[in-house]
Amino acid sequence: MIVRTLAMAGALSLAAVGAQAEIKVGMITTLSGGGAGLGIDVRDGFMLALEQSGRTDVTVVIEDDQQKPDIAVQLSDKMIQSEKVDVMTGIIWSNLAMAVVPGAVAQGKFYLSPNAGPSALAGQGCHPNYFNVAWQNDNLHEAAGAYANDAGYKNSFILAPNYPAGQDALTGYKRFFKGDLAGEIYTQLGQTDYAAEIAQIRASGADSVFFFLPGGMGISFLKQYADSGVGLPVVGPAFSFDQGILQAVGDAALGVVNTSQWSKDIDNPANVAFVASFQEKYGRLPSLYASQGFDTANLLLSALEVAEPSDADAFREALRAADFDSTRGDFAFGANHHPIQDIYVREVIKEGDIYTNKIIGVALKDHVDAYVGECKM
Amino acid sequence: MRAETLLNACVLLALAAVPLWAWVADEPFTITLATRLAILALAGVGLNLALGLGGLVSLGHAVFFGIGGYAMGVLASHAQSYTPLTDWPVLIEGTKSMPVIWLVAMGASGLAALAIGALSLRTSGVYFIMITLAFGQMFYYFAISWPAYGGEDGLSIYVRNGFPGLNTLDPIQFFALCYAILALALWAMARLMRSAFGLALVAARQNAARVEAVGIAPYRLRLVAFVLSGMITGLAGALFADLNRFVSPVMFSWQTSGEIIVFVILGGVARLYGPVVGAAVFVLLEHFLGGLSEFWHIWLGAVLLGVVLFARGGIIGLVVGREVRRD
Amino acid sequence: MSLILFIEQMLNGLQFGVMLFLMAAGLTLIFGVMGLINLAHGSLYMIGAFAAAWVAGLTGSFVLALIAALAAAAAAGALVEVVVIRRLYARDHLDQVLATFALILMFSEGTRWVFGSFPLFLEIPPYLSGPVRLPGGIQYPLYRLAIIVAGLIVAAGLFALIARTRIGIQIRAGEADREMIGALGVNIAALYTVVFALGAALAGLAGALIGAIQSVQVGMGEPVLILAFVVIVIGGIGSIKGALVGALLVGLTDTMGRFLLPVAFAQVMAPAAATAVGSALASMAIYILMALVLIFRPRGLYGVA
Amino acid sequence: MTEVLLDIRGITKRFGAVTACEEVSLTLRRGEIHALIGPNGAGKSTLIGQIAGSLRPDAGSVWFDGHDVTALDTAARARAGLARTFQISSLAMEMTVLQNAVLGALGARGRVMRFFRDVMRDSALRAVAREALDRVGLWDVAAHRVGDLSHGQRRQLEVAVALTQAPKAFLMDEPMAGLGAEGSARMTRFLDGLRQHAPILLVEHDMDAVFALADRVSVLVYGRVIATGAPDAIRRDARVREAYLGDEALP
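Residue numbers (full-length UniProt numbering), protein chains in the order written: chain A, 1 to 377; chain B, 1 to 327; chain C, 1 to 305; chain D, 1 to 251.
All the pointers check out, no bait thrown in.
Just some of the chain B residues that point at chain A, by a computed CB distance under 10 Å:
(1) THR32
(2) TYR141
(3) PRO147
(4) GLY151
(5) GLY154
(6) LEU155
(7) ILE157
(8) TYR158
(9) PRO171
(10) VAL247
(11) MET251
(12) HIS287
(13) GLY291
(14) PHE295
(15) HIS297
Keep in mind that the hints were calculated from the coordinates and are not lab data. Treat the numbers as computed from the prediction; the structure is a model and nothing was measured. Glycine included, C-beta positions come from ideal geometry on N, C-alpha and C.
All chains, please: the whole structure from these sequences, using the hints.
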């Protein structure tokens, strides 16, 4: 699916402006299947920023990876070999990013990650052409650990699915949390029933629960946890509390604390304008994924003001400067091209009929990820 | 029979001609698509031996596809990081050489097929379908939760493995390699279908009691067929991993098993070229329908359903009629 | 580990098993009577959950939502049976697997088309929410108890239906000899449609009941489907009794495996490694159980030879 | 070399409470046709299953050519030289007549695990197959699909496949079933000549054929052999007449 409207507008203006090279962006993201909500938000945020910029010379080629790594690799080959894109972006899942990004940057393409931030790409596997605009995977979990300290929790029960991102999540939490662990459980990926885990939480004597269960797993856990009457305070990363998921969790999420680098009530002009325009255009509140898509596009646009991707060194410098108005306020890249940013603590509230998040504090200020030292770039 | 031979020749020629054209026209992605097609067809050729000839409906062939993929991933990742797989009792180093990887892939998937087959072949019918599915799920969850080789993230191999005398990074050369292997596998299958083993295997599918009554044990026939089938699918897995320069547990998922079955049935069960035609149609549908609509799975489902309901004998059967070769 | 925790986990296993029985009963009934292997059974589960969430959103009534789930799944089942499935009875299992695999694709993406990509909301009704205190001091969610009761009622009803009613007699006759019931003057086409709709309604009910404590989303049916297949294969395909025993066995194995295996491994290795290895093995446990059952009883526990 | 080729010693088979076969003993001698008769439900199928190897007896043993074969499966007994024909034609229906016959020859020769050579061009196997098909008169239709054959031709092919196995003994389950008068007569003549080749244990409902062919007859009733003897003796046996409910059934 190629977004031709912009391309056509670009063609029309070509005569007026002269020999301005067209920029081609390849977006591989998840648009079908159970995880489609995230990809759609990233895409919509990205396209909104592009539309607002008024730039007519940027074409975006969008393809659906179906959340399958081999499809993503095939699409990446297509983008590079057939579409001959200049810049790539869009991947939601870490395992897909690991499949696509090393190959793409090795072939000289720029990759801007709007969501996934696996540690391998932040540390030893970092690359000059790879920029992460969202977060390193551990960041929000680390912030949750820091928050747990601030909240005075001494004994946490922690759980995550048994796969690398889940293992990273618990590692990230433990890296900052100073209390004891009442229990540590790996659940099955895609698990929908958490009765056994909740019973263990109840019996463990913990004073708090940290969980990382993205997507539908988080919905199931929160509903069952609320109904179980265990009632211990819960903290988690924003992935189980984004705008798309909250409506499906309902009251069970109210009051739950979560950590995020973005929230719709961050008070800066860029964010206020983004939230209003996103809501106007798509008729729903933006999620953090939408904000990441929006920021990714604005980063790209800011660099394009300075240099063409064909001039790789200049373009890379322009990206590194990160000279754009982020929805998160201050935004800068660390040495490994991952964000240095504040991570907020949010609480789930109800505004009218809509469940959403409100900032209640800052967990980590100007946070740098743990892998920057391993990056030799 | 004549019509099918002619069709087969056309399919094989087209599969060679399109990438050659793409090479001349500088459309490397078309070559990549054709390579993908050839590899998936090879996986289907493997399954066709068990399913088409042997009547063994395996919903667990992703196991062998995945083992082949991980054979490549594990060996190449060790070679990439210059760490041995093990130094006890003997030193085993990783490798970036395709022929070695292929041998390991076929050996490992053959062993797995021997173990799974020996147990599963005690059952039949729906039970066989389900027990192979169960083995598939075991491998899938194991691969996801075993952290040593990337777990669910999978393993990235940054540079494609090498083959003596070829530059495998060049799409057309890698395609040629995969095409040659597919052609070789098809030739071997054609021989096998006419061999003593093939005769007995097909007879055992049509009437197991008859085969037993003439003194041939169907269990052994089926086990051998299952092992050979697993080895071919395992080889396809290794090539698939090399095409993507990446392996992940998705290769073990039951959807992968389902897709390999789809290739075989879409083309025509027990037809020599059934998996090739089936994989071709699947890859083309995926490519073009995916571009038409976000909801392209609906149309893919409709096409599959149409083939099952109205085109028995698959696409080849539709083109050349239902008669199967005999002499 | 306390006894209370152990009993609570047994209850959880029981509840999970009862849930699986609702799915597996329809599947095994359809296989027993029509000889059909239906991969799209999970889609009917999903349809039940979506119908329930939609109606609950409109009316706010959980009872209406359950009725809607039953009706929608039965209607979808009957429609699919008439349009597609009845052409498959005479086919081999391979064709059935492929055709119903195609139906999964169409149902999943069709649902996404209608309801969008985001999960839907369905909640436990207030009168069933929260925990209750059981004898012995166990705190257990009322809703899960309600599921156990509902499932057992359905199981009893199903056994009574098959043992006592006219349609039950026809179903048993159909399992014994398919040509025979035609000769007895039973309208086979209608009987098959009814049985298929009944199986679909059970799946839809399971989807709605579970939807209230899980995520109502596209693709929710497939994991349950595979578990339901494991259940009926362990129990012996076609046997309702086998489905019940198999469901409880799988429910308990899965729950207790997840609970006990990490604890067991912690005795011999470091806690972090133990939980990783234990969970990995726990996720394979039911498949190992199934393989073991089939190796020793190739037609399941209650299957006919 | 013993006179007795197949020796069934007191085999018993129970299915739950039902005893399908109780202490049955039978012998098949070289050069003879031994017919096994009995009313429906007498347990003939169960007995054949145990002789051929598809059922295991609960007690007793089966000896073939001087060896105890009780523990061997069907395929192993076939390789030992016991060729079987089925009551309901059991052939590879999608294959040709010649392929079915070659399959039989292949089973007898062994070396099935050959993956590359074209089996239909194996002249030794073809010769065996051709000879067998010639003998039953099916060579003309060798290239036909078995599914397209008439019922009678399939019965002949059953016998031809057994012939390709060059067996030491035949175990034939109602070879006349559904053949009609003329077909039965032709099959009777054919089997008559076959006994020189190898002895036949013949299970048959067609009493004309039985009494025309058999050297000895055994009568199975309710899972027991109630009488064994020459056809004339059997014809006169009071218990046999009773078992067959009157005189009409026996000529």
